[in-house]
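Novice: Letter by letter, the chains look like this.
Protein chains: 2
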Amino acid sequence: MQAEIITIGDEILIGQIVDSNSAFIAKELNKIGVSVYQITSVQDDRQHILDVLRAANQRSQVVIITGGLGPTKDDITKHTLCEYFDDTLVQNKDVLSHIEMLFDKYISTPISDLNRLQALVPTKADVLQNDFGTAPGLWMEKEGTSFISLPGVPFEMKGLISKEVLPRIIRKYKRPHIIHKTIMTYGLGESAIANSIEDWENSLPAPIRLAYLPSLGRVRLRLTAKGENKKSLQDLVNIEAKKLYPLIGDIIYGEEEDESLEALIANLLTQKEMTLATAESFTGGKIAEQLTAIPGASNYFKGSVVSYATETKIKLLGVDEDLIKTHSVVSEEVAVAMARNAKQILDTDFAIATTGNAGPTKGDSEEPVGTVFIGISTPEHTFAQKFTMGNHRERIVQKSVNKAFELLQKEILKF
Amino acid sequence: MQAEIITIGDEILIGQIVDSNSAFIAKELNKIGVSVYQITSVQDDRQHILDVLRAANQRSQVVIITGGLGPTKDDITKHTLCEYFDDTLVQNKDVLSHIEMLFDKYISTPISDLNRLQALVPTKADVLQNDFGTAPGLWMEKEGTSFISLPGVPFEMKGLISKEVLPRIIRKYKRPHIIHKTIMTYGLGESAIANSIEDWENSLPAPIRLAYLPSLGRVRLRLTAKGENKKSLQDLVNIEAKKLYPLIGDIIYGEEEDESLEALIANLLTQKEMTLATAESFTGGKIAEQLTAIPGASNYFKGSVVSYATETKIKLLGVDEDLIKTHSVVSEEVAVAMARNAKQILDTDFAIATTGNAGPTKGDSEEPVGTVFIGISTPEHTFAQKFTMGNHRERIVQKSVNKAFELLQKEILKF
Chain U
1264 MQAEIITIGD EILIGQIVDS NSAFIAKELN KIGVSVYQIT SVQDDRQHIL
1314 DVLRAANQRS QVVIITGGLG PTKDDITKHT LCEYFDDTLV QNKDVLSHIE
1364 MLFDKYISTP ISDLNRLQAL VPTKADVLQN DFGTAPGLWM EKEGTSFISL
1414 PGVPFEMKGL ISKEVLPRII RKYKRPHIIH KTIMTYGLGE SAIANSIEDW
1464 ENSLPAPIRL AYLPSLGRVR LRLTAKGENK KSLQDLVNIE AKKLYPLIGD
1514 IIYGEEEDES LEALIANLLT QKEMTLATAE SFTGGKIAEQ LTAIPGASNY
1564 FKGSVVSYAT ETKIKLLGVD EDLIKTHSVV SEEVAVAMAR NAKQILDTDF
1614 AIATTGNAGP TKGDSEEPVG TVFIGISTPE HTFAQKFTMG NHRERIVQKS
1664 VNKAFELLQK EILKF
Chain X
1264 MQAEIITIGD EILIGQIVDS NSAFIAKELN KIGVSVYQIT SVQDDRQHIL
1314 DVLRAANQRS QVVIITGGLG PTKDDITKHT LCEYFDDTLV QNKDVLSHIE
1364 MLFDKYISTP ISDLNRLQAL VPTKADVLQN DFGTAPGLWM EKEGTSFISL
1414 PGVPFEMKGL ISKEVLPRII RKYKRPHIIH KTIMTYGLGE SAIANSIEDW
1464 ENSLPAPIRL AYLPSLGRVR LRLTAKGENK KSLQDLVNIE AKKLYPLIGD
1514 IIYGEEEDES LEALIANLLT QKEMTLATAE SFTGGKIAEQ LTAIPGASNY
1564 FKGSVVSYAT ETKIKLLGVD EDLIKTHSVV SEEVAVAMAR NAKQILDTDF
1614 AIATTGNAGP TKGDSEEPVG TVFIGISTPE HTFAQKFTMG NHRERIVQKS
1664 VNKAFELLQK EILKF
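Top line first, the protein sequences correspond to chains U and X. Residues in the first sequence are numbered from 1264 upward in steps of one, following the numbering used here. Residues in the second sequence are numbered from 1264 upward in steps of one, following the numbering used here.
Among the clues, some could well be false.
When chains are identical, the list treats them as one kind, so a pair holds in a single copy or across two.
[To be verified] Below are the DMTMM-like pairs computed for lysine to aspartate or glutamate, each with C-alpha atoms no more than 25 Å apart in a straight line:
1) Lys1336 x Asp1498
2) Lys1341 x Glu1596
3) Lys1336 x Asp1513
4) Lys1578 x Asp1610
5) Lys1535 x Asp1376
6) Lys1535 x Glu1464
7) Lys1578 x Asp1612
Bear in mind the hints are in silico, worked out from the structure with no lab data behind them.
Extracted from the complex, chain U is given alone in its bound form (with noise of 0.2 Å):
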């Protein structure tokens, strides 16, 4: 059971924006036993959008078309592909009324007759209603293959894969059973952790696959299987990822591919009803911006001083000023003065501190570019650690926001 993916927006081709739907309906798609064999994004272009629909009428039996159905006039796939099937639009009283009912309801503007064309639909397509926009999915079927185009705004599509997509497909089609497991690391890289698992790995029973993901100090080791039994899979995959703890249960957080470490410190810290605050300066808020995307956040999570200016950390995070002429805004003393006092004046259980050089240029300080201390201070003590993170602006600060995750998490685990 195979499926394909084909995105169609120029803005894709140029660059302008990421396409982030293609991997959300991968996901999704994986999810339900169906393969993704191929992604495929190109212009608002008839002739080309032929050629790939075509293309994929023959490869596979799901084709998931995203974009170029917006009200505006660069968008083309709704007449590309009353082409494709040989058909022709007319008006959809259901859909009509739809988009009347979201303009009553959640738009100021008023309606105008480019709101109204989106109600035209092919005569031969399923209509899948868009709950969050005007644009409605099309579900039409060709040769045994069934094309299914929805809006390319992400939140638009997403609705329309969960509550039409999926289960029409998990109707139609006979899948087999497609098993992930993600083991997460941290603190070791990918060469390194091969060696340490090769034996493991050359020793693998045939239906599992081993992908190595590294990014920004961690890796994640992906064991894939798939197969008709459900149960059989995910035992083998249990059962070869458990092997993996005696080789490098020292460097492993975590198995749930959607579960990344900041969600397990907020699991860990409501858990154990203990508190964190930060106190930031070159990562700017990120720890906290991180921490607070994720619903409940404030079961234990009180705030953050981003204290980006030096006198800030001065005058709100009482840090002494002496200190920081003595040692540098960029120290391990003040990093450890940064934590210390966040989680006095938040009063908290535990809080993180970063200072440090994101660069392009020097701050106020003398430390290289990538120089960056992180405190971490806990019910028992607090403690601050020098790394070096590169020179990339944007690295820098993600691989410190990491790397303050990973020493928190570590903190936590004793209490």
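On the provided structure of chain U, position chain X as indicated by the hints.
Specialist: This is chain X only, laid out in the frame that chain U set:
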């Protein structure tokens, strides 16, 4: 002059990672006049890779391939290229000594045979030195098409594109000019804009294409022109862009694709030598994070109090407890107090404050999910506005961040 991008890796097809490399490559190619005809993502599968290489060979003069060059067993790109080019791998001394240098200088784990294997390259390939990693880029040619294989790690790929790939394409190929101009708007929806500019759009001269790109309360209007004479294309695009101002000038905030509203605010504040602080509740530090992601933020950004918990609003921002009790923590009054106090405490000219309910459950207030207040404090006054941002946590936060920047920018322009 046409190019294609092929990204290789199971992780893309199962949706484990979002392919952001293609957007970067497409954008860079566009800048030098190379159109990207198609982006194709395929699994680490020998036969499938061979198929797409063949297809791309027939269509395009340049094919850029990313991924599958890692040191581990799941990476097969190099071997498959050898098969396609009927070639063999040999050890390259320069690459080997580069790998050894990288390990010596930057990597704490010792070099292994697996790492040394990365010095194997096809005999027919030009080697492109990867300054940031162990896998070199490869440039190979067949039947008039250049195949360029790059590592999938984004910053390694980016380094190679800028330093090696683009200069070689410029030297080797004659290219037309592609001019993009993007008009950035806020505060009005896609079809409302289309109505306002309908006559203008219908009379656009032939070489110009228009696209609408809506996202979270902003719409980008992209004008594209392609041809031989750069100057006349630029003039044409500029003339047409200027005609938009009498039609929708009140919602245009910029004309630079790469210049975000935050960057515009950064420039304005730096020029005016004025400063900014933020007091963030449900946005959790995201405003601070987006500001500090731009180099030079220390010129104008002093810091933020991320007062996620109500008690932090009282303790750190000095918001009156009675005010919160009377009006609720999600209220105009509290947003005003937060903005005013943040400006005072952090001693800045401007301040942004946010308080609201991003869901999924209600917090310390009775306001429904999606209700937010954004407060702005300027040297002259302080105010807050109420918004309803839907019921999707991530979108509520991002739309509010965008709206906060919109409100702030309008105020800064008054000084």
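Novice: It remains to establish, for every hint, whether it holds in the given structure.
Specialist: Hint by hint, here is what the structure shows:
no., hint, verdict
1, Lys1336 x Asp1498, "between (53 Å within a copy, 24 Å between copies)"
2, Lys1341 x Glu1596, "neither (62 Å within a copy, 48 Å between copies)"
3, Lys1336 x Asp1513, "between (56 Å within a copy, 23 Å between copies)"
4, Lys1578 x Asp1610, "both (17 Å within a copy, 10 Å between copies)"
5, Lys1535 x Asp1376, "neither (57 Å within a copy, 45 Å between copies)"
6, Lys1535 x Glu1464, "neither (37 Å within a copy, 60 Å between copies)"
7, Lys1578 x Asp1612, "both (22 Å within a copy, 17 Å between copies)"
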